[in-house]
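**Student:** These are the residues of each chain, in order.
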Amino acid sequence: MRREDRVRLEGREGQKRRNSVSGVGGGADEMYSQILLEHFENPRNLGEIPSPDAAATERNPEQGDTLRITMRIDGGRIAEARFKAFGCPVTIAAGSLATEMLAGMTIQQALELTDAQVADALGGVPEERIRCSVLVQKVIRRALGSLVAE
Amino acid sequence: MKYIYLDHNATTPLHPDVLAAMLPFFAEKFANPASITHPPGREARDMVEQARGEIAAFIGAEPAEIVFTSGATEADNMAVKGAAWAHRDRGDHIVASAVEHKAVLDSCRWLEKNGFRLTVLPVDRWGLVGPDDVDRAITDRTILVSVMHANSEVGTVQPVEEIARICRQRGVLYHCDATQTVGKIPFHASAIGCDLAAFSGHKFYGPKGIGGLFVRRRVRLDPLMTGGGQERGRRSGTVNVPGVIGLAEACRIAQRDMGLESARLLALRQRLHDGIVATVEGTHLNGHPVRRLPNNLNFSFEAIEGEALILAMRSVALSSGSACTSGESGPSYVLKAMGVPDDLAHSSLRFGLGRSNDADQIDAVVTSLGAAVRKLRAMSPKV
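Going line by line, the protein sequences match chains A and B. In this text, residue positions in the first sequence follow our numbering: the first is 6, and each later residue adds one. In this text, residue positions in the second sequence follow our numbering: the first is -9, and each later residue adds one.
Among the clues, some could well be false.
In silico lysine to any residue, SDA-like type, Cα no more than 20 Å apart, as pairs [stated by the list, open to error]:
{"#": "1", "chain 1": "A", "residue 1": "K143", "chain 2": "B", "residue 2": "P371"}
{"#": "2", "chain 1": "B", "residue 1": "K372", "chain 2": "A", "residue 2": "E63"}
{"#": "3", "chain 1": "B", "residue 1": "K372", "chain 2": "A", "residue 2": "N50"}
Just the calculated beta-carbon pair ranges, DEER-fashion [unchecked claim]:
{"#": "4", "chain 1": "A", "residue 1": "T62", "chain 2": "B", "residue 2": "P331", "range": "11 to 21 Å"}
{"#": "5", "chain 1": "A", "residue 1": "E46", "chain 2": "B", "residue 2": "P3", "range": "27 to 37 Å"}
{"#": "6", "chain 1": "B", "residue 1": "G329", "chain 2": "A", "residue 2": "P66", "range": "14 to 24 Å"}
{"#": "7", "chain 1": "A", "residue 1": "E46", "chain 2": "B", "residue 2": "L256", "range": "30 to 40 Å"}
{"#": "8", "chain 1": "A", "residue 1": "L116", "chain 2": "B", "residue 2": "W116", "range": "45 to 55 Å"}
{"#": "9", "chain 1": "B", "residue 1": "S346", "chain 2": "A", "residue 2": "G80", "range": "51 to 61 Å"}
{"#": "10", "chain 1": "B", "residue 1": "A257", "chain 2": "A", "residue 2": "L116", "range": "53 to 63 Å"}
{"#": "11", "chain 1": "B", "residue 1": "P3", "chain 2": "A", "residue 2": "G150", "range": "45 to 55 Å"}
{"#": "12", "chain 1": "A", "residue 1": "P66", "chain 2": "B", "residue 2": "G199", "range": "51 to 61 Å"}
{"#": "13", "chain 1": "B", "residue 1": "M215", "chain 2": "A", "residue 2": "L116", "range": "55 to 65 Å"}
{"#": "14", "chain 1": "B", "residue 1": "G227", "chain 2": "A", "residue 2": "R147", "range": "51 to 61 Å"}
Quick caveat, the hints were computed from the structure, so don't treat them as lab data. All C-beta atoms, glycine included, are put in the ideal place defined by N, C-alpha and C.
So that you can see chain B by itself, here it is in the shape it has in the complex (with noise of 0.2 Å):
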């Protein structure tokens, strides 16, 4: 079956030109960065520092400050649980809002079990974190500070710079997890003004399995994985290579095209976001009307069940907060946070658009969610 896929906040596809550029350095060009000993591996070295130069400027970085991972979840473990531990002589305190990502939150409660702190941020009806709430959090014991730089669910972009200027001002360290941001809208590093953040390649058509931290200068952390001491003793393991320059490459075409991507993705899903109210009754945006990814859009329906409506539109692509799609017992957590009824978060869907969608698809998927919403509500005892 053909889908119309858009869940691109989940993942993306694999740009062909990166791929492209992969390619030569599973076979060809394999040797381990690390063995300077002999040309080749002073040749992988060399690839990967290059890489590492062109994706630390495109995140506002100097290359010292960039520390590869697998991904953001482990970026996201490293910067919470590095971070803490490296400070634990000055603090036992953390600081992080209620609508993080798993990585961040689940790090937390982990810190939380072996003697640290926890306070968890509320968030308004929008999901955006108050400045003023991260600076009454704050205490003299607080080491760090987590808030996103944009939700995955709802896509709510949050005041980052200012949550940066008080973390600053009061002495702590602040990680924004920006691995829904880097690739879609800017994310400037040394701008924000954060200390660690977390990022990924393939949420912007880069590969699985790369990410990346970015440590400002001089942060302590203390390592997650201990061993040959690459990634300047932060990371150890081997290099991965492919995913590094495919992580460059996909950082090189977002910087290209990101300015007018973006625009057209705004218009489609302004498209869609109009078709929708247009086709369908008892409908509720969740998320920030205006503060949010350019591909992001994540509605709730009244008196219908959100994986159901994934199943009855059959060939889209798409998630859903509801307790049946989620793995978690209740609906999603973000929707919780944000106030919204567990009955409409069990009806939200999130639709993520990208690079393959066009405005056919857009005026498809609002057909076909009109109908099975019809169908759905035909159905409900609710209505």
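This is chain A alone, in the form it adopts within the complex (with noise of 0.2 Å):
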């Protein structure tokens, strides 16, 4: 990945936020901000629409990271997101947070969904984590990209 979207995902508001909420324990918890860790611990939108009208899996080479997105499209608008994971907690909880982000959206506003935000959202990823985590936008650019072109 590119210096500068470190940067942007390390950004200063995910910082502030990370740092501001108070860990229950040592370690790991202190290492997560309490967004993640919650949607870590409990995933939202887990599992697979049957039959979806737009999915894609991306896997991470180096890592081994893999997210799958299926979603349901209802008159232009995501009416369901749902994901499945392999990976550390950060790709777990990037599939739980962007499944929630991604009800409701419009396609072109799904496609603009950055791995930034998805970060942001989360509260900040460590910037050593950050490798584990850009999954997000590519999967749904390529569950959607299709839908788009045609």
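Hey, can you piece these two chains together into the complex? The hints should help.
**Tutor:** Here is the structure:
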């Protein structure tokens, strides 16, 4: 990933929010924001939509992290999105949060969603974990790109 | 949050007796052991020399063969760079196993950048180095062979006596990184027949910041640290007196307890192994089934990433060979060298048992692990 993206992902907002949350314990709890931990513990929209209108799976070849998102589209808007994920806590939490963000978006809005926005909404992602987290944008663009082309 | 600590291959807590032995040497008996012009200095020197004698006896060495360092990383650097540099008049080739600690491998690579040639020895699926491979790798330009005693990730114990014998026959120096074995299983430098051996206090309930290098008599070594000429000119710098005292106490405790404690840990490890195999499907044991440290288990869990598994277990302190936790771009180089596929390397957990663990904790870990695996597998698009 490009350095400037990294800086944006680790943006001041995310940093501030992450620092402002007091962890319940030590170690990993301090490494991740409460928002991220909460999504990891209680992932939303887990699973797969049967016969989805749009679907894609992306795999990060280096770390092996894999994210699959399936979507139901109704009247040009995403009515429902579900995810499955293999990977580190960041990948799982990003998948969960992305499905929440996607619900209600137009296809165009979804295509404009960036990894930086997801990372920021997660309360920031530690710099050393960003390489694990950047699958959301790719999955959405692959899933919806063909719909726009049509 | 209260943790079940299962990361004893990374570090161990200081034993209370070690702390008690060290305490007088911070503020009260603070003198520099090199200051032999006054009684407090001479007392410090005597205490350090007495400790050196005890440490030497514990690892099967003579007192003069022990050089105190800041830890195993420094000792490994000193062994590899110091030996290669001191013998560069008679060769330019070094040999190291693919699963050596980075302190050894990166020292070898530093030498490579400075005109030496490096042969990296492969390991088999258990992580074992073949003595025949060592023999084949040695040329008439070889100075040093470095093969560790036991691996920190998978616990595999190498055939060090055989490797030492080959090195002696071929006239090359043998460095044995014993960081994971000293204090855990018997390590006897002269019985093994190595020329150099690194060890560290905090791996067996001693303090951090102290370790040592065994240097066989008459083995030439260029110092990394130059200055005051301490440690017979091999390692300049004021000796870490509280550290040395703590290291000696840790050796004393290990000497006393090793038999019973390693039997206890073996039983706990078997309980953990059997619990995992009975509770979780799709597991793979990494490392040798028998030739391994008594306190170490390493498992891969299909279709799960190691760090996520650790976080899902919450109250267990563990480490993983996954890329996210290794600090490298790929998963553990040790597992890679053993031919473990990347997916399984990402899904590996290292269980390092120690004094604080008991059967109840092991059962709690198995239960927590089973629940975490089920939860994460339900999320995985791979299953």
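**Student:** All hints are to be evaluated individually against the structure, with a verdict given for each.
**Tutor:** How the hints compare with the structure:
Between the alpha carbons of K143 (chain A) and P371 (chain B) the distance comes to roughly 16 Å, so the proposed pair stays at or under 20 Å and holds. Using a Cα cut-off of 20 Å, the hinted pair K372 (chain B) and E63 (chain A) holds, with the two alpha carbons roughly 12 Å apart. Restraint check: the Cα-Cα separation between K372 (chain B) and N50 (chain A) comes to about 17 Å, which is no more than 20 Å; the hinted pair holds. Between T62 (chain A) and P331 (chain B) the C-beta distance comes to about 19 Å, which sits within the given range of 11 to 21 Å.
Distance hint for E46 (chain A) and P3 (chain B): a CB-CB separation of about 29 Å, consistent with the stated range 27 to 37 Å. Distance hint check: the CB atoms of G329 (chain B) and P66 (chain A) are about 19 Å apart, consistent with the given range 14 to 24 Å. Between E46 (chain A) and L256 (chain B) the CB atoms are about 35 Å apart, so this pair conforms to the stated range of 30 to 40 Å. The hinted range of 45 to 55 Å is satisfied by L116 (chain A) and W116 (chain B), whose Cβ atoms lie roughly 50 Å apart.
Between S346 (chain B) and G80 (chain A) the beta carbons are some 60 Å apart, a value that agrees with the proposed interval 51 to 61 Å. Hint check: A257 (chain B) to L116 (chain A), Cβ distance near 58 Å, so the stated range 53 to 63 Å holds. Distance hint check: the CB atoms of P3 (chain B) and G150 (chain A) are about 54 Å apart, consistent with the given range 45 to 55 Å. Our hint of 51 to 61 Å for P66 (chain A) and G199 (chain B) is violated, since their Cβ atoms are close to 40 Å apart.
A beta carbon spacing of about 59 Å between M215 (chain B) and L116 (chain A) agrees with the range 55 to 65 Å that was offered as a hint. About 58 Å separates the C-beta atoms of G227 (chain B) and R147 (chain A), a value consistent with the hinted range of 51 to 61 Å.
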